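Colleague: Listed below, chain by chain, are the residues.
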Amino acid sequence: DTAVSQTPKYLVTQMGNDKSIKCEQNLGHDTMYWYKQDSKKFLKIMFSYNNKELIINETVPNRFSPKSPDKAHLNLHINSLELGDSAVYFCASSRHDGSGYTFGSGTRLTVV
Amino acid sequence: DAKTTQPTSMDCAEGRAANLPCNHSTISGNEYVYWYRQIHSQGPQYIIHGLKNNETNEMASLIITEDRKSSTLILPHATLRDTAVYYCIVRAIRGSNYKLTFGKGTLLTVNP
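Protein sequence lines, in the order shown, are assigned to chains A and B.
Taking my numbering, the leading residue of the first sequence gets 1, the next gets one more, and so forth.
Taking my numbering, the leading residue of the second sequence gets 1, the next gets one more, and so forth.
Since the hints were made in silico from the structure, they are not lab data.
Keep in mind that this is a model prediction, so the values were computed, not measured.
Be aware that one or more of the hints could be misleading.
[To be verified] Below, a list of computed lysine-lysine pairs in the DSSO-like style, where the Cα atoms sit at most 30 Å apart:
{"id": "1", "chain 1": "B", "residue 1": "3", "chain 2": "A", "residue 2": "36"}
{"id": "2", "chain 1": "B", "residue 1": "69", "chain 2": "A", "residue 2": "44"}
{"id": "3", "chain 1": "A", "residue 1": "40", "chain 2": "B", "residue 2": "3"}
{"id": "4", "chain 1": "B", "residue 1": "69", "chain 2": "A", "residue 2": "41"}
{"id": "5", "chain 1": "A", "residue 1": "41", "chain 2": "B", "residue 2": "104"}
{"id": "6", "chain 1": "B", "residue 1": "69", "chain 2": "A", "residue 2": "36"}
{"id": "7", "chain 1": "A", "residue 1": "19", "chain 2": "B", "residue 2": "99"}
{"id": "8", "chain 1": "B", "residue 1": "52", "chain 2": "A", "residue 2": "19"}
{"id": "9", "chain 1": "B", "residue 1": "99", "chain 2": "A", "residue 2": "44"}
{"id": "10", "chain 1": "A", "residue 1": "44", "chain 2": "B", "residue 2": "52"}
{"id": "11", "chain 1": "B", "residue 1": "99", "chain 2": "A", "residue 2": "52"}
{"id": "12", "chain 1": "A", "residue 1": "9", "chain 2": "B", "residue 2": "52"}
{"id": "13", "chain 1": "B", "residue 1": "99", "chain 2": "A", "residue 2": "36"}
{"id": "14", "chain 1": "B", "residue 1": "104", "chain 2": "A", "residue 2": "40"}
{"id": "15", "chain 1": "B", "residue 1": "104", "chain 2": "A", "residue 2": "36"}
{"id": "16", "chain 1": "B", "residue 1": "52", "chain 2": "A", "residue 2": "67"}
{"id": "17", "chain 1": "B", "residue 1": "99", "chain 2": "A", "residue 2": "22"}
{"id": "18", "chain 1": "A", "residue 1": "19", "chain 2": "B", "residue 2": "3"}
{"id": "19", "chain 1": "B", "residue 1": "99", "chain 2": "A", "residue 2": "67"}
{"id": "20", "chain 1": "B", "residue 1": "69", "chain 2": "A", "residue 2": "67"}
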């Protein structure tokens, strides 16, 4: 069983479109995250949710809207996609105390 | 969180020990040293972490200097599958802010 699963694995879309990436964890963790890895390979946190509540928002444009329907899911919706949004997006989860940090396998988003 | 400095790249022969250094001279007393690795196109994978004592698990050993200003990750018998970017991360646990701040890491190439 995959601990942190993301769908889709690859996403190619045109500028201006709206798209969503889904993430689910079956580890019983309380906290979930979205990270972005750009073309220069820097990994940066975007958001963090703890028990469905937003706790970190790292100055991400408001075109990005995370949604957590329950503590096992954290989806990322992106409006009006831009070329610069092309990156690999990683979902992660951890226990409430930050231990057990586990990443998903990533979603490669390409905006054309 | 304290900043870390790692060499950009290192090479290691298959079967030999790989020793990856990390400097974290501004580390605070309550900050842990974490090591993650990212194999090409995959999500970061947790390796090991420690506060001040040396630690060992099935993947690696972590040696932290007495002043805690530097550490070394040791892969005792490197294999080709250990080729990856290795990240040394110093992380404080305060409140529920459990983000991981990734630097550029060290690209370890294990050669046959």
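Colleague: Against each hint, give a clear statement of whether it holds in the structure.
Modeller: Going down the list of hints, with the structure as the test:
This hinted pair checks out: residue 3 of chain B and residue 36 of chain A have alpha carbons roughly 20 Å apart, not beyond 30 Å. Among the hinted pairs, residue 69 of chain B with residue 44 of chain A is consistent with the structure: their alpha-carbon atoms are about 24 Å apart, no more than 30 Å. Our distance criterion of 30 Å between C-alpha atoms is met by residue 40 of chain A and residue 3 of chain B, whose separation comes to about 19 Å. For the given pair, residue 69 of chain B sits about 26 Å from residue 41 of chain A by alpha-carbon distance, which is consistent with the 30 Å threshold.
Taking the CA atoms of residue 41 of chain A and residue 104 of chain B, the gap is near 8 Å; set against the 30 Å cutoff, the hint holds. For a cut-off of 30 Å, the pair hint linking residue 69 of chain B to residue 36 of chain A stands: about 29 Å separates their Cα positions. In summary, the hint linking residue 19 of chain A to residue 99 of chain B is supported, as the alpha carbons are separated by about 25 Å, within the 30 Å threshold. With a C-alpha separation of about 45 Å, the suggested pair residue 52 of chain B and residue 19 of chain A falls outside the 30 Å cut-off, and the hint is violated.
For the proposed pair residue 99 of chain B and residue 44 of chain A, the alpha carbon gap of about 9 Å is at most 30 Å, so the pair holds. At roughly 27 Å between alpha-carbon atoms, residue 44 of chain A and residue 52 of chain B fall within 30 Å of each other, so this suggested pair holds. Restraint check for residue 99 of chain B and residue 52 of chain A: the C-alpha separation of about 16 Å stays at or below 30 Å, so the hint holds. Under the criterion of a C-alpha separation no larger than 30 Å, the hint pairing residue 9 of chain A with residue 52 of chain B is inconsistent with the structure, at around 39 Å.
For the proposed pair residue 99 of chain B and residue 36 of chain A, the alpha carbon gap of about 13 Å is at most 30 Å, so the pair holds. Of the supplied pair hints, the one linking residue 104 of chain B and residue 40 of chain A holds, its CA atoms being roughly 9 Å apart against a limit of 30 Å. Restraint check for residue 104 of chain B and residue 36 of chain A: satisfied, since their Cα atoms lie roughly 14 Å apart, inside the 30 Å limit. Proposed proximity of residue 52 of chain B and residue 67 of chain A is contradicted: the alpha carbons are some 38 Å apart, above 30 Å.
Of the supplied pair hints, the one linking residue 99 of chain B and residue 22 of chain A holds, its CA atoms being roughly 20 Å apart against a limit of 30 Å. With a C-alpha separation of about 35 Å, the suggested pairing of residue 19 of chain A with residue 3 of chain B is violated against the 30 Å cut-off. For the suggested pair residue 99 of chain B and residue 67 of chain A, the alpha carbons sit about 18 Å apart, so the restraint of at most 30 Å is met. Restraint check for residue 69 of chain B and residue 67 of chain A: the C-alpha separation of about 39 Å exceeds 30 Å, so the hint is violated.
In terms of the numbered hints stated before, the structure departs from hints 8, 12, 16, 18, 20, listed from lowest to highest.
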